[in-house]
Amino acid sequence: MNNSSTKNGSRNAGRTIDIVNKGLKRRYRKEKRFRLYGILSIAASAAFLAFLLTSIVMNGYSAFLQTCIRLDVPIEAGMIDESNPKRSDFQGIIKSAIREYYPDVTERREKRELYSLFSSGAAYQLRNNVLDNPPEAGATLSLWVLADDDVDMLMKGHMKRDVPESERRLNDRQLRWIEKLENDDRIEKRFNTTFFTSGDSREPELAGIWGAVRGSFYTMLVTLALSFPIGIAAAVYLEEFAPKNLATDFIEVNINNLAAVPSIVFGLLGLAVFLNFFGMPRSTPLVGGIVLMLMTLPTIIIASRAALKAVPPSIREAALGVGSSKLQVVSSHVLPLALPGMLTGTIIGMAQALGETAPLLMIGMVAFIVDIPGGFTDPAAVMPVQIYLWADSPERAFVEKTSAAIMVLLGFLIAMNALAVVMRKKFERRW
Amino acid sequence: MSPLLLLLLLLVLSVAGYIMGQQKALGLARKTGGTRNLHSLPVYYGALTALWCCLPAFFMFLFWIAFEQSIITGLMAADLPEEALALPAARLNVLINDIQSLAGGNIVSGEVTPLMQKAASHYLSLKGIGQMITSVIVLVAAVTGMLLVHGRIRPDMRARNQVENAFMGLLVVCSTIAIFTTIGIVLSILYEAVRFFQQIPVTDFLFGLEWSPQMAIREDQVGSSGAFGAVPVFVGTILISAIAMFVAAPVGLLSAIYLSEYADRRLRAVAKPLLEILAGIPTVVYGFFAALVVAPLIRNSGAQIGLDVSSESALAAGLVMGIMIIPFVSSLSDDVINAVPQSLRDGAYSVGATRSETIKHVLVPAALPGIVGGLLLAVSRAIGETMIVVMAAGLSANMTANPLQAVTTVTVQIVTLLVGDQEFDSPKTLAAFALGLVLFIGTLFLNIIALTVVRKYRERYE
Numbered sequence: 001m002n003n004s005s006t007k008n009g010s011r012n013a014g015r016t017i018d019i020v021n022k023g024l025k026r027r028y029r030k031e032k033r034f035r036l037y038g039i040l041s042i043a044a045s046a047a048f049l050a051f052l053l054t055s056i057v058m059n060g061y062s063a064f065l066q067t068c069i070r071l072d073v074p075i076e077a078g079m080i081d082e083s084n085p086k087r088s089d090f091q092g093i094i095k096s097a098i099r100e101y102y103p104d105v106t107e108r109r110e111k112r113e114l115y116s117l118f119s120s121g122a123a124y125q126l127r128n129n130v131l132d133n134p135p136e137a138g139a140t141l142s143l144w145v146l147a148d149d150d151v152d153m154l155m156k157g158h159m160k161r162d163v164p165e166s167e168r169r170l171n172d173r174q175l176r177w178i179e180k181l182e183n184d185d186r187i188e189k190r191f192n193t194t195f196f197t198s199g200d201s202r203e204p205e206l207a208g209i210w211g212a213v214r215g216s217f218y219t220m221l222v223t224l225a226l227s228f229p230i231g232i233a234a235a236v237y238l239e240e241f242a243p244k245n246l247a248t249d250f251i252e253v254n255i256n257n258l259a260a261v262p263s264i265v266f267g268l269l270g271l272a273v274f275l276n277f278f279g280m281p282r283s284t285p286l287v288g289g290i291v292l293m294l295m296t297l298p299t300i301i302i303a304s305r306a307a308l309k310a311v312p313p314s315i316r317e318a319a320l321g322v323g324s325s326k327l328q329v330v331s332s333h334v335l336p337l338a339l340p341g342m343l344t345g346t347i348i349g350m351a352q353a354l355g356e357t358a359p360l361l362m363i364g365m366v367a368f369i370v371d372i373p374g375g376f377t378d379p380a381a382v383m384p385v386q387i388y389l390w391a392d393s394p395e396r397a398f399v400e401k402t403s404a405a406i407m408v409l410l411g412f413l414i415a416m417n418a419l420a421v422v423m424r425k426k427f428e429r430r431w
Numbered sequence: 001m002s003p004l005l006l007l008l009l010l011l012v013l014s015v016a017g018y019i020m021g022q023q024k025a026l027g028l029a030r031k032t033g034g035t036r037n038l039h040s041l042p043v044y045y046g047a048l049t050a051l052w053c054c055l056p057a058f059f060m061f062l063f064w065i066a067f068e069q070s071i072i073t074g075l076m077a078a079d080l081p082e083e084a085l086a087l088p089a090a091r092l093n094v095l096i097n098d099i100q101s102l103a104g105g106n107i108v109s110g111e112v113t114p115l116m117q118k119a120a121s122h123y124l125s126l127k128g129i130g131q132m133i134t135s136v137i138v139l140v141a142a143v144t145g146m147l148l149v150h151g152r153i154r155p156d157m158r159a160r161n162q163v164e165n166a167f168m169g170l171l172v173v174c175s176t177i178a179i180f181t182t183i184g185i186v187l188s189i190l191y192e193a194v195r196f197f198q199q200i201p202v203t204d205f206l207f208g209l210e211w212s213p214q215m216a217i218r219e220d221q222v223g224s225s226g227a228f229g230a231v232p233v234f235v236g237t238i239l240i241s242a243i244a245m246f247v248a249a250p251v252g253l254l255s256a257i258y259l260s261e262y263a264d265r266r267l268r269a270v271a272k273p274l275l276e277i278l279a280g281i282p283t284v285v286y287g288f289f290a291a292l293v294v295a296p297l298i299r300n301s302g303a304q305i306g307l308d309v310s311s312e313s314a315l316a317a318g319l320v321m322g323i324m325i326i327p328f329v330s331s332l333s334d335d336v337i338n339a340v341p342q343s344l345r346d347g348a349y350s351v352g353a354t355r356s357e358t359i360k361h362v363l364v365p366a367a368l369p370g371i372v373g374g375l376l377l378a379v380s381r382a383i384g385e386t387m388i389v390v391m392a393a394g395l396s397a398n399m400t401a402n403p404l405q406a407v408t409t410v411t412v413q414i415v416t417l418l419v420g421d422q423e424f425d426s427p428k429t430l431a432a433f434a435l436g437l438v439l440f441i442g443t444l445f446l447n448i449i450a451l452t453v454v455r456k457y458r459e460r461y462e
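Protein chains in written order, with the working numbering: chain A, 1 to 431; chain B, 1 to 462.
These aren't lab readings, by the way, just hints derived from the structure by calculation.
None of the values given here were measured: they were computed from a predicted structure.
You may find that some hints are simply not true.
Here are the simulated EDC-like pairs of lysine to aspartate or glutamate, each with C-alpha atoms no more than 16 Å apart in a straight line [what the hints assert, rightly or not]:
1. 25/A - 164/B
2. 32/A - 83/B
3. 180/A - 76/A
4. 86/A - 132/A
5. 127/B - 83/B
6. 30/A - 204/B
7. 160/A - 179/A
8. 326/A - 261/B
9. 456/B - 132/A
10. 118/B - 68/B
11. 309/A - 428/A
12. 32/A - 335/B
13. 156/A - 188/A
14. 272/B - 346/B
15. 95/A - 76/A
16. 428/B - 204/B
17. 360/B - 31/A
18. 360/B - 346/B
19. 95/A - 107/A
With the Cβ distance kept under 8 Å, some of the chain A side facing chain B (calculated, not the full set) [unchecked claim]:
20. 177
21. 419
22. 420
Glycine included, each C-beta is placed from N, C-alpha and C at the ideal position.
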């Protein structure tokens, strides 16, 4: 830079500052540009997050509403089986009620098209209603029954009415029937309780997230019950007792490496060891929980060690000074002080496990399961897997179900992380 | 007795053992004049009794749980009539599965024959006998252990040391689980992969250029020649990971630099949680987003400028994966940049460098090993990422470097090969484990390099 090592010293200093000043503008411009890149990259992340969340919410909020049709169901004598009401032909009763409302539909094919506007779950709704309070013969029940998912999509505006008939799943005739319902105020969107109370289904209007929530709950319970004690024990040993030798180093290398192993590899392990070797039942929260435990263990161990490290040595020395054994020092002084930090780490690990999908696919948790699981060895789906399954389904109505399921899952994750943050704030101690 | 009930009973017995041990110690203390004459505090005598009560019994229980299924199935299969045992192995397996589901009250794949009925009831009775024997053995072991220790409690018994040794052992066992997990991963994947390589030569797998793992069900089927050349799969993996890193590396690094060098506390208080949220979103959500929003977006904008973009383009999956990795890169680089001593910055400022010059010429070179290590970890993350590519990338193994075409990755292939019906003797299923082996070794290699580099780097400035 300094090319003027001339004889004239007094002017030399001025020249250098000139050179510096000349370059200054350019350098400041560069500085500004660099700063801009930084802001842009943060803004890009923020914009993407906003884009993702809005598109999920925009796609999914409508799933919390479900189109229902008010159907007057006349109960005539003999329709309900007196001796065993459960075995009455509820499907037939619903069909006759539909026919009654549309007296001009007579042709067989048209009738089938007409019935397809109503969900096959309508018969179950009627059944539950009849079983709860048996109606007298001659009475007319006024029921809000579920509409088919195509009707639902039409009412929510995902299916356009003004496109040519061949491009919609409902034909013009069916649209006219729906218009009749609309004119009579017999069709409206109501809060979708089915979504929060039932398990999976092939029919979008009958599919719900509750089965997956229960499955996730059992899986997380297994994961928590195993990984919390084991993780803490491992962390305590490595941090407080382990001698500095090759074996300890080997354990540490293993833990650090396991934290970075792709999650699907844990699924392969679960498939080969737990399912094929030990013969444990497929698709169950028990196996899922164990696999996720192995996966989250490194996270919990690493967080717990950090929490133990944060406890100052003076605590240990004081306890040793009054005659505690080493294990007593840890169990009655260090551990209680480190526990909040450990719990925070565990919650974060659990949140990770709750969102994990890939290893569970390997151990058969992708099966189509309608029943709501009632225990650790019942076949179950978990929330992320349910999202994956719905995302794969071709029906348009499953798009909004998927987004809604994502919102539920994100809700749980946010709650867990918020809990972790609150715990950290509340119990964090600075020494 | 059901396993859960047995465990509960074991717990109750242990509590009883604890109380008994403690009471006996207290009694001894009273006789000899105060607890100070005991070697240990009374709780340790209780704890020792409880430990002897539950630990041996619990291990027996675990052993049984682990092998129950295989032992009982083996016994039941051995007792099947001749005509069933003469069936081919695959049919026999189906039969055994059917019998088990029949016994469990589940749906059976075929018709229920009297043979199956009989076998199922035999299975159930075997299971009952097994459970009974276990319950008896476990409970006897528990009570014996408890009484044995209880009888030996003396004032000079070193109860505390024994309890502490037991706990120490427990801690050691817990900390070695990581090792066992690694060994389990290696052995299980290696075992199946070796079986695969017995059928398909290693060189064909590693260097073959065609991947179509469909195996024929019938001999004469069209397109029945399964080809297991994995190079196109590797190429696809590398392509998608490269796109992801192309997004994540600059954005992640620049955000980390900005946040640690420029941002004031308010911006940091907003931006850091924001990145954490991005990191906390499950990958299945990213996958859904990539398939539903990003891929159509890219395809439509490509169509507008006259480009033919596949609807499962590598670009869509790679872009979204890159965004997923941004927080990972940025938090790792953040740690690394913060570890650079302040004196280096001050030195640069003092000779008149601007902030960006300090960063470019001093900070980044100083932090380079750490940054490279972090990027390597991110690459390993990208290679192992599954859900985004399963949902947004394709299945066909094209060998191309064109990001607008569909490619497939190692993880996608593992998932497609293993989800659904599995036969553990066809190369199709075993190929997944061979791919898994490559994935594991590849990421292991990257991780070890990265972790060593990062550790060395940290030690330099500590």
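*Violations among the numbered hints, reported as their numbers in ascending order*: Going through the list in order, the structure violates hints 1, 2, 3, 5, 6, 8, 9, 10, 12, 14, 20, 21, 22 and respects the others.
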